[in-house]
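Asker: The lines below spell out each chain.
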Amino acid sequence: MKLFNVTAGAVIAATGLYNAAFATTTLSIWYHGAGNKVESKIINQIIDDFNASQSDWKVALESFPQNSYNDSVTAAALAGKLPDILDMDGPIMPNWAWSGYLQPLPIPEDHFKNFLPGTKGIYDGKLYSIGLWDAAVVLYARKSTLKELGLRTPTLDKPWTKDEFDHALQAAKSSAKFDYAIDLGMSDKSEWYTYAFLPFLQSFGGGLVDRKTYDTAEGALNGDAAIAWGNWWQSLFKDKLAPGTSQDPADHENGFIDGKYAFSWNGNWNAVKTMAKVDDVEFLPAPDFGQGPTIGAASWQFGISASSQHPDGAADFIKFATQDKYLAEFSNAIGLIPATASAAQMTDNYKDGGALSVFFNLSKAQAKKRPVTPGYVVESKVFQKAAADIADGAGVTDTLDASVDQIDADIKRNDGYKKN
Amino acid sequence: MAAIRADNHRLRLAVRYLVLILIAAIFIFPLMFMVMSSFKPSDQLLSDTSSLRAFLPVGDLSLHNYMGAFERAPVGLFVVNSIFVTSTTVLLSLLVCSLAGFSFVFLQWRGRDVMLSIVLATLIVPFETIAIPLLLEVSKLPWLGLSGLEWGWLDSYRVQIIPWIADGLTIFLFVQYFKGLPEELIEAARVEGASWLQIYLRVVLPLSGPVIATAAILKFLVMYNQYLWPLIVVQQEQYRPVMVGLQYFFQLSPAWGEIMAYLTLITVPVLAFYLALQRAFIASIATTGVKG
Amino acid sequence: MRSSLTSANREGWAFALPGIVLIFAFIITPFILAFGFSLTNQRLISPNPTRYVGLENYQQMLGLAFVTLDAKQDPNGKVATDPSGHPEFPPLRTITRNADTPQYRGMQEWFRWETGTQAHLVIARDVVFWKALVNTCLFVLIVAPVQAGLALGLALLINQKLRGITLFRTIYFMPVVVSIVVVSLLWRFIYDGHDGLLNNMLAGLSFGHFHPVDWLGNPHTALGSIMVMSIWQAVGFHMVIWLSGLQTISPTLYEAAAIEGSSSWQTFRYVTWPGLRHTAVLVLIVITMQSFALFSQIDVMTKGGPLDSTQTLVFQAVQRGYGLQDIAGGSTISVILFVIVLSISLLQRWLTRER
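Protein chains in written order, with the numbering used here: chain A, 1 to 420; chain B, 421 to 712; chain C, 713 to 1067.
Chain A on its own, in the form it takes in the complex (with noise of 0.2 Å):
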């Protein structure tokens, strides 16, 4: 922080704007990245470009660690201590924007027409949020693999359907040469849940919450398709195709790099690390369970506090930041895709032919973004324990049952999420 200020000193007064710097207005800005070095170190450049380009506003940056970043812009928000800019994890923005605690971006919705539908933060028609990437789930596998085991290499046109999924978890289980067919993540008990397995349930039909109305989940969450997928869930653990919730983190981390694994269900992000160790490395997309492939969208992305007094220079630095350099130079350093195709043909991993090109068409694709609801915090959370408890063992439909009373309850409770 302190040498941030001089940094940031030390180039307004290297490019003679000293005395115009008495006029100049400071933006405070929080950004989730304390602790990534790669990160920090790009937000920072974006920072200090900034203030070097103009002499109304002076951007300080404040980093917090990601895994308690949501409880503490919870306790500034509750304390009225919220920065003018901040980012937040995409499906979480309609729940601050209903309480009150974002403007809507004063930027026209045009300025982000080329970027990808998972980056732009829509709540109540209004554009709260902007993304500089976006992030993919795939089926990571080797190409040695899927030979060896005689499957088909599914592609975005004909992805796996339930039964060649089934059939390639079964064919990888009894060559015996894995301790588990797939790596589901199940140790990473977080958002992670909704985000990676909330598209299979979708696949299946069902869905976390009624999306025309957002004012109940049943039938979504305990109708026949939820049900159907609740039983092939816990079938992948009962049948011991897939490590369950006690997973070792470090078995998660390592384990389809070490071969533990034939298939991980993963996030991009950790694609260009795997891409190192794992030389035949293969993403494939997500299956398609009857209603269509879906993967989740939505990733960080920045918005404005309603307290922010100036949400001018706020738009300012939010459009300044959104520039395909900046985007390109995100995506080469953390693996991540890009918001527009023009910056993408800039990165090394995401131009036509790079190594992980195929996330951008799948992102434009398959990508759906998790319930645009306010009600999304909590229905997440529920959902999160419903897949740990089936995957557990529990019954199916009464354990769908109780998601969707618990669901229904905390919609009630807070008068249907409307915006008053």
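It cannot be assumed that every hint is accurate.
As the list claims (entries may be wrong) - To give an idea of the interface, some chain A residues facing chain C are shown, with a C-beta separation under 10 Å as derived from the structure:
(1) 70
(2) 352
(3) 355
(4) 374
(5) 394
(6) 405
To be clear, the hints were calculated from the coordinates, so they are not data collected in a lab. Note that this is a predicted model, so its numbers are computed, not measured. Quick reminder that beta carbons are idealized off the backbone N, C-alpha and C, glycines included.
Following the hints, put chains B and C in place on chain A, whose structure we already have.
Answerer: Then chains B and C, alone, in the frame of chain A:
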């Protein structure tokens, strides 16, 4: 005859040490794991966890994790913050709580028993359950600082210190200990015309080494390991303590090697504090051994 | 307490005042606020105004009902059975999602037992709460005596005059020095069900006869595993408290016992134990309070799972307050916990009162 007895004695001594060493092994292994792992690269560290190699300095050992930890987070700042907050709170707590305990045990005053019951009842309130109401409260409290009157205690050292000074448990520790002190000593001092403050300072405190050490260790551990509270009341990095700093190492994929290095680093001050206190502790026991 | 001493109102208040003021300001005030929240629909964050709801939160949390299900019958009136010959019962939703029995809407099964063709179910509005309550009590009932006893054993062991005893004392205390969060992280590796250290060591000791147990992943072993780790972590601290109690017993008493030729057990029974009375009360109360507040281990190791086998009251209070943004629900648990522990201590006081 004498030789046999000596052998017997030696045998019994050996058995005693064997028992002590076996128990010691049970207690020390996670720490060995932590320290040894801090010198290993993450991959090796994780694969070692399935065997006794986890506790041995084997493989590719280096200080890389320590350098990485310092690069990733301002480790020194966090440790200094924690030590400052912890030691200030411990000192104030010992003073405030021992005074209260003294008053509850040795003095007669109206409302005393009711107050003691209330204080002891607060033992039952786990902090986690009052964190949010307390946050709302401290965010509105006034403070008279160098720059005049300000409102709200967030983002400061005081918000990490003041709410933690007095607690039911520490007062209870003193009360229980003072009850065991010989009443005659206090009565004798009263007869000699000593004031209550003098009795507290000259009679009771010098006899209170063990309880002070116990209360200090307990408070030190609670304060040094604070996580939830600083997380919600501190926004600026400059006030963050060590356990919030630990979160810097849990990114999408935790850097286990650096985590172990960081944990080793932040455990050193606690161990040093305990060792220092242990000496004081034993010295004070020697002086209080006469009573009973 | 000390009736022989003269009353000293002014000094008494003055000495106790700083502590009392701080406790009222930072523990009692927020607790009263929490109690107030438990009577409302207070959310963590919400633009909607908070409403007074009376005892609704308590009713929601404590609501229980008892129902009986008859086994399914085929059209001929024969009891339907599963392949193993066990009668089949209709799913619970035939009651809880039935327009004829609206009073059971939103309730879930807590536990059941079967007699012939009938199943008797206890259903609850908030099953997780009840499970958390039972687990918490179980944890306290087991951990408090075991930990206190082991700590006393260690204290007696370490209270000998031996060369290097300080070193052992320090080592036994070491787990206490490491934060419980850190300890929980480390033990996750040890308890790993697949190739964890504990399984590998047990397999080695039994020459391969031992089948690996998924310690934290099995509902039957998860809470026990957390108990063992918790005892291991904190026993050194209570050892130190016992030790300080032991040191206050006058050596002359031991000398007298030695002269009279009493056995080690007699010495312990008639000299050591009576001298530890205050310490025993202290140790038991401290352990009980710490056990009731069980949170960090659960948060790091199991998050309440598998199948709610490690849910605890404080974990649930936090989970609801922050995770589910339900401050009212979290506060209600805090108040219930407070009332339970207070009743226990009042009962204990009444039972051990001086007659």
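Asker: Does each hint hold? Answer for all of them.
Answerer: Results for each hint:
{"no.": "1", "hint": "70", "in the structure": "9 Å, holds"}
{"no.": "2", "hint": "352", "in the structure": "42 Å, violated"}
{"no.": "3", "hint": "355", "in the structure": "32 Å, violated"}
{"no.": "4", "hint": "374", "in the structure": "9 Å, holds"}
{"no.": "5", "hint": "394", "in the structure": "6 Å, holds"}
{"no.": "6", "hint": "405", "in the structure": "5 Å, holds"}
Against the hints set out earlier in the document, violations occur for numbers 2, 3.
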